[in-house]
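Participant: Based on these hints, arrange chain G on the given structure of chain D.
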Amino acid sequence: DQQVKQNSPSLSVQEGRISILNCDYTNSMFDYFLWYKKYPAEGPTFLISISSIKDKNEDGRFTVFLNKSAKHLSLHIVPSQPGDSAVYFCAASYNQGGKLIFGQGTELSVKP
Amino acid sequence: DTAVSQTPKYLVTQMGNDKSIKCEQNLGHDTMYWYKQDSKKFLKIMFSYNNKELIINETVPNRFSPKSPDKAHLNLHINSLELGDSAVYFCASSRQRQVGNTIYFGEGSWLTVV
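Residue numbers (this note's numbering), protein chains in the order written: chain D, 5 to 116; chain G, 5 to 118.
One chain only, chain D, in its complex shape:
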């Protein structure tokens, strides 16, 4: 039973436009959420995170929104760039010794 789900396996966006990647979770005990970015043949790298006490966190072109009542978070990339093309993983934790629960990823393609 997957506690973190990313229901869109892929997303294609035009350069300069907004990319919105979505993630849903089922466990209300999760208190920390993260997004990781993964290029082919590389390991995931940390992108941005948000604590459950917040509903928004921004870092440059990347913003993560958290809706606890809906158990939903999203990653907004504005403006999207071709170099953003990668697989994006959503992850959640409830502070159990570093255990992260990952979604299955969404492959973003930003077209020039």
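If you're looking for bench data, these hints aren't it; they were derived computationally from the structure.
Among the clues, some could well be false.
As the list claims (entries may be wrong) - Below 27 Å or equal to it, Euclidean Cα-Cα: the simulated DSSO-like pairs (lysine-lysine) are:
1) 23/G / 9/D
2) 44/G / 56/G
3) 44/G / 41/D
4) 56/G / 23/G
5) 45/G / 13/G
6) 9/D / 44/G
7) 26/G / 72/D
8) 75/D / 58/D
9) 44/G / 75/G
10) 75/D / 23/G
11) 56/G / 13/G
12) 48/G / 23/G
13) 45/G / 75/D
14) 44/G / 115/D
15) 41/D / 48/G
16) 26/G / 44/G
17) 48/G / 72/D
18) 71/G / 75/D
19) 41/D / 115/D
20) 56/G / 60/D
21) 103/D / 40/G
22) 75/G / 115/D
23) 40/G / 9/D
24) 13/G / 41/D
25) 75/D / 48/G
26) 58/D / 75/G
27) 26/G / 71/G
28) 45/G / 9/D
29) 13/G / 103/D
30) 103/D / 48/G
31) 115/D / 75/D
32) 72/D / 45/G
33) 75/D / 44/G
34) 9/D / 48/G
35) 56/G / 103/D
36) 40/G / 75/D
37) 45/G / 71/G
Facilitator: Leaving out everything else, chain G in the frame of chain D:
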């Protein structure tokens, strides 16, 4: 310098064989992990060690045995390989048991069992 390195990157082996994947981190982190990315693309934690001590052991077959000779190394040994073991295995490390932005992943080891 590679922060978390794992070898081999690609491994093709026959069913029933025993194989090991090695992992080393040069970040001075205390906690190391093994994650498995299965055919459905989910990344799932398998094991976690903190200062050579096992702290997370998910529901993983006994054929998988992690070994941590020191806090900079966490190797994964797999006995009697099965077709379903084919996956990408990621090693990772973090400072203490902190989550999130302190977790660094290796490049992955692609295991194919034929």
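Participant: All hints, please: hold or fail.
Facilitator: Consistency of the hints with the structure:
Simply put, residue 23/G and residue 9/D have alpha-carbon atoms about 32 Å apart, too far for the 27 Å limit, and the pair is violated. Between residue 44/G and residue 56/G the CA atoms are separated by roughly 31 Å; this puts the pair beyond 27 Å, and the hint is violated. Taking the CA atoms of residue 44/G and residue 41/D, the gap is near 17 Å; set against the 27 Å cutoff, the hint holds. Proximity of residue 56/G to residue 23/G is assessed by CA-CA distance (about 21 Å); at most 27 Å being required, the pair is judged to hold.
Using a Cα cut-off of 27 Å, the hinted pair residue 45/G and residue 13/G holds, with the two alpha carbons roughly 18 Å apart. Between the alpha carbons of residue 9/D and residue 44/G the distance comes to roughly 12 Å, so the proposed pair stays at or under 27 Å and holds. For the proposed pair residue 26/G and residue 72/D, the alpha carbon gap of about 39 Å is over 27 Å, so the pair is violated. In summary, the hint linking residue 75/D to residue 58/D is supported, as the alpha carbons are separated by about 13 Å, within the 27 Å threshold.
At most 27 Å may separate the alpha-carbon atoms for a hinted pair to count; residue 44/G and residue 75/G exceed this at roughly 31 Å. A threshold of 27 Å between alpha carbons decides the hint, and for residue 75/D with residue 23/G the separation of about 40 Å lies outside it, so the pair is violated. Restraint check: the Cα-Cα separation between residue 56/G and residue 13/G comes to about 24 Å, which is no more than 27 Å; the hinted pair holds. Restraint check for residue 48/G and residue 23/G: the C-alpha separation of about 20 Å stays at or below 27 Å, so the hint holds.
For a cut-off of 27 Å, the pair hint linking residue 45/G to residue 75/D stands: about 21 Å separates their Cα positions. Proximity of residue 44/G to residue 115/D is assessed by CA-CA distance (about 26 Å); at most 27 Å being required, the pair is judged to hold. Distance hint between residue 41/D and residue 48/G is fulfilled; the C-alpha atoms sit about 16 Å from each other, no more than 27 Å. Annotation: proposed proximity of residue 26/G to residue 44/G holds, straight-line Cα distance about 24 Å (limit 27 Å).
As the CA atoms of residue 48/G and residue 72/D are separated by approximately 23 Å, the hinted pair is consistent with the 27 Å bound. At roughly 37 Å between alpha-carbon atoms, residue 71/G and residue 75/D are farther apart than 27 Å, so this suggested pair is violated. Taking the CA atoms of residue 41/D and residue 115/D, the gap is about 18 Å. The hint holds against a cut of 27 Å. Between residue 56/G and residue 60/D, the direct Cα distance comes to roughly 37 Å. Violation of the 27 Å bound is thereby established for this hinted pair.
Proximity of residue 103/D to residue 40/G is assessed by CA-CA distance (about 13 Å); at most 27 Å being required, the pair is judged to hold. A hinted pair counts as satisfied when its Cα atoms are at most 27 Å apart, and residue 75/G with residue 115/D does not qualify at roughly 43 Å. Of the pairs offered as hints, the one joining residue 40/G and residue 9/D holds, with about 16 Å between alpha carbons and a cut-off of 27 Å not exceeded. Annotation: proposed proximity of residue 13/G to residue 41/D holds, straight-line Cα distance about 19 Å (limit 27 Å).
Simply put, residue 75/D and residue 48/G have alpha-carbon atoms about 20 Å apart, close enough for the 27 Å limit, and the pair holds. Restraint check for residue 58/D and residue 75/G: not satisfied, since their Cα atoms lie roughly 34 Å apart, outside the 27 Å limit. With a C-alpha separation of about 9 Å, the suggested pair residue 26/G and residue 71/G falls inside the 27 Å cut-off, and the hint holds. A threshold of 27 Å between alpha carbons decides the hint, and for residue 45/G with residue 9/D the separation of about 11 Å falls inside it, so the pair holds.
Between the alpha carbons of residue 13/G and residue 103/D the distance comes to roughly 24 Å, so the proposed pair stays at or under 27 Å and holds. Taken as a hint, the residue 103/D and residue 48/G pair is honoured in the structure, with Cα atoms around 9 Å apart against an allowance of 27 Å. A C-alpha spacing of about 30 Å is found between residue 115/D and residue 75/D, which places the hinted pair above 27 Å, so the restraint is violated. Proposed proximity of residue 72/D and residue 45/G is supported: the alpha carbons are some 25 Å apart, at most 27 Å.
Between residue 75/D and residue 44/G, the direct Cα distance comes to roughly 22 Å. Compliance with the 27 Å bound is thereby established for this hinted pair. For a cut-off of 27 Å, the pair hint linking residue 9/D to residue 48/G stands: about 13 Å separates their Cα positions. Taking the CA atoms of residue 56/G and residue 103/D, the gap is near 17 Å; set against the 27 Å cutoff, the hint holds. At roughly 25 Å between alpha-carbon atoms, residue 40/G and residue 75/D fall within 27 Å of each other, so this suggested pair holds.
A hinted pair counts as satisfied when its Cα atoms are at most 27 Å apart, and residue 45/G with residue 71/G qualifies at roughly 25 Å.
Hint compliance for this structure: hints 1, 2, 7, 9, 10, 18, 20, 22, 26, 31 are broken, all remaining hints hold.
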